[in-house]
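Participant: Protein chains in written order, with the numbering used here: chain A, 1 to 585; chain B, 586 to 1186.
For the record, the hints were derived by calculation from the structure and aren't laboratory data. By construction, the Cβ of each residue, glycine as well, lies at the ideal position given by its N, Cα and C atoms. Check the hints yourself; a few may be wrong.
Said to hold, decoys possible - One side of the interface only, derived from the structure: several residues of chain A facing chain B at Cβ under 8 Å:
(1) F20
(2) G83
(3) R90
(4) I204
(5) V207
(6) K211
(7) I274
(8) Y345
(9) G347
Said to hold, decoys possible - Here are the computed lysine-lysine pairs in the DSBU-like style, where the Cα-Cα straight-line distance is at most 30 Å:
(10) B:K949 with B:K999
(11) A:K17 with B:K783
(12) B:K791 with A:K12
Here's the letter readout for the chains.
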Amino acid sequence: MRIFVDLWWFFKQERLKYFFGITFLMLSSFLSLIPPYVVGIIVDDIRKRSLSLPVLAAWVGFLILIGTIYYFTGYVWRQLIFGSSIVLARQLRGDLYRHFTRMSPNFYQKRRIGDLMAHATNDINAVQSAAGEGILTLVDSITMGGMVIITMAALINWKLTIIALLPMPVMAVLTMYYGSLMHKRFGVAQEAFSDLNDKVQENISGVRVIKAFGEESAQINLFRTASQDVVNKNMAVARIDALFDPTITFIVALCFFLSLVFGSIFVVDGTLSIGKLTSFTLYLGQLVWPMLAFGFLFNVVERGNASYERIRRLLAVKPEVVSRPDASDKVPGGDIRYAIRSFTYPGSAATVLKNIHFTLGKGQTLGLVGKTGAGKTTLLRLLLREFDLTDGGIFIGGQSIMGMTLEALRSAIGYVPQDHILFSATIAENIAFARPDASREEIERAARLASIHEDILHFPDGYETVVGEHGVTLSGGQKQRVSIARALLADPEILIFDDSLSAVDARTETAILKALQQERRNKTTLISAHRLSAVEHANQIIVLADGQISEQGTHDELMKENGWYAEMYAHQQLESLVSEGGTNR
Amino acid sequence: MRAELNPINENLTEKHVVRRLMHYLVPFKSSLTAAFTLLLIGTAADVLGPIVMKIFIDNYLAPRYFPWQPLTFLGAGFVGLFAISALFNYLQVLMFQKIALNVVQKIRVDVFSKVQHLGLTFFDRTPGGSLVSRITNDTETIKDLYVSVLSTFVSSGIMMLGIFTGMFILDVRLALICLILMPFLLGLMWLYGRLSAKIYRVTRVKLSQLNAKLNESLQGMAMIQAMRQQKRMRREFGKINDEHRTAMLKSVRLNSLMLRSAVYSVYLLGLIMILSFFGIQSIGGVVQIGVLYAFVNYLDRFFDPVNQIMQQLTLYQQAVVSAERVFGLLDDPRMAPVQQGEKDPQIEEGRVEFKNVTFSYDGKTDVLKNISFTANPGETVALVGHTGSGKSSIINLLMRFYPVVHGSILIDGKPLTQYSDQQLRSRVGLVLQDPFMFVGTVAENIRLSHPVPDASVRDAARFVQADRFIEKLPHRYQERVGERGTTFSSGQRQLISFARTMTLEPKVLVLDEATANVDTETEEAIQRALQRMREGRTTIAIAHRLSTIQDADQILVLHRGEIVERGTHQSLLRKKGLYFNMYQLQHGKLAENEAAAGGKV
């Protein structure tokens, strides 16, 4: 029941809804007690032959009235209680989303997106059930059950009530027992299902091997076995699940039997009328639900507890990268100076960057090259403060980036990442991502600069073509260019290209670089690349090796040095020759 | 995306889908009959209960006549009836469940088998995740249709019929009056079914939008933060979140208006009718109180099935949508190429010929143009060229992963299409670049499903020298291989996959050399193994390291789908063409490279 305490803040926040919801729910339960009583009275009147038409009409009118009020109260409590639980789900989902937007990359590296999704879907659903069905079953099992029993005992016959209810606890115990058995077997069945899922997953991923070795029939047999296992485990669940209804009906029938036998004795005694006996059996029928509700309650609450705990733990994670309280919100500008003694990713032992010291003048272009894993991306992402430096600093215009708000820092920087994320929206919206208010002219201009305008015009709906998961699939090169256009549209003081030209061909690369140089005169640009042609024009080129600067200078200087850069350059020249299919004859 | 997986099939209307689902029940005719019989008996016992009570009240209680024996008999009968009903209902539910689960099993195996025989053309265009979801999750939803919907509809329907039968036995006139309730109930169900389908569709759409937005935001969070769009994204998510809430509230409203409360109103209506009927009758004459009692009792039970049916209606909608998708997959025409003709030739020597083969994956751009070559038995033909030059396509065609439309491929002089799958797969062995590992043991990964004795598995491993590292594993050949074999190095996986191919002792070997970096020692082991494997076998090899194919009988240099150079290593080097350049590139002869680069200008 801890979930009800944990959710107290919400019940307080929605106290009016819950107050009236519960009141109306109890009112409904009370109203449902009336018709059986009326039936009893009419039966006795009929038996005594004392029923007159006006009396009957009055009773009918009364029942219609009760029915109308019941319909109304039933509508109201459902709206209030279930409605509130939906509001809770929305609120928690919004909280989680807001929390997610504050988390730094380190948070996402440690967790799988699938798990985070599960929190926002399954766990929230379970909590929603606790706030909706949980409250309903709690109130119903206590008040409805209590009221029915009290009515039976007080208005009809307390001795008969006790006798008739004797089998009921057996039912409660049995259904609870079934419930726990079900839970276990259901878990086993779920596991079998997830094994089946894994098997299919493996099969689809290994489709080539399976076809090459003619393993199709063997795979079908394996699948049949696994799927049969799912059937068997589900049958084990069914064997318990199928017990519920017959057990309940049989025990209720026993109650009926007892009340009929002993009720008759009381009728013969003269202590009970036949009409009352009829009402009594109707009340018995009304006890079934509260008994079952009690079992459901435990189930719902148990799942709600576990889920809410998981959500709370997630919400308790503190954002790692935050603006300092005294941070300046002035958008920075000027020279960029790196002074890093060493950098290690949080929770890892390996030093990624060491002794990185250089200054990039305002308006200059930096080229960053080196092998995969040399630390290029890390160096660039540190400027964005995706991670915080612990040993050393980075300065823009002489001011440490730690002394700026994240908002101010990031508004000075445009970033084109390695893996291109496009959102499910139109191309125009994707390009205008950082500046949703941009005009169509501005968007098209940015697209032209990124050499993607022509491609876009060929899409089915031009700039209005929806891309992303549910839209048109773009090639890697097209995605890259859209994401370049996106960064160019923002026209930031500092622009970062993190290996963002890898999927475009040489000609397009040249065109984009030329546009960049014209467009970004007097603005700072940082380019990391595998293809050296992308950094040839830079004012300063840094070669990283194992997290340290191994070579530094302009293209010409580095070519003279005859080191890694010069070697790679020659190698790549030939490579491009080969991939053009040319010969040197 | 969905369009790719589920080609629009005009025939799949709801009616058609349901008929097809029902068709799956045909093989279970006899079990279904038995289940129905049990259901009927169970329901009959249930229905007889109130009649027994009526007899007791009217014949004994009202006249205060209590003979010992008949009453004991009646009491035992009452309890007995419910015991029978409980037992039969239990068996009945179990039987329906069993049928339902077996039907779903059948559907699942059908879909899975279908997918096994689909061609790579299909797999190339279908995201793996949604395919897995078709085979498991969608069939799971269909299971709900059979398990809950069908059995609830049937047993609730029978129960309702039974109750009416009981009513008719007791009093025809009153039963007729009670029939008036049916139009109300059916109307309510029909209306609820229609309205809920609409609202349900909206909530589903909103939910999937919500999840898509969340998923996308989580994946692109770094971008959102770098571009400072957190506030806007929160706003956008908030909007969808609100829309989802609104849709959910609508469904709560509909349920509050039309489910239990509404059904209860109909119940009260029935109660009023019964009471009025007896009340009016009692004013003019005699009334059997027992009949009244039984009718009130029946009415009480009548509405439980009604509530149950109404709650299953949304499940039904969901199942139809899933079934549509599953049937769409079952009807997909993109099958894998299969044996044609009855000839059933055998591969004895392993001569491979390509004759003017032109090929395209999408029917638009040709990835292979007019490819012709011959590999004589025991010869090695090496394919070189940069990415996208068409090397892999040649292998894909030789493995019959895709159909050859233009030109022909012959093995031992017979068209590739004439060979049976069994013959082709056992005589032509493929070694893939990224060796796929199955969950299981090392031995199972080498043997796969072939009936090969343990000794042969060990021989194969020894042959490719995989035994050296396998023998060092704690459980040797019984060592567990986890998902995707991540506990093994890529070199080890490579060796295991060599052994896998060698257990078949194929006549033709198709190699797709790995580009992955492995340590020198493993690299040497791999090269030695490849050398031994190629001996006496026709080999078609994609080589990334030109050093490994210097002894090839023929080297084909591919560029943009065409063979631009062919010859032996020495003759190609002398040509100083593309092969020469590639060779230099890999051997880092920088001085010559400079010259080559200069030569280009």
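Participant: So which hints don't hold here, by number, going up?
Facilitator: 1, 8 and 9
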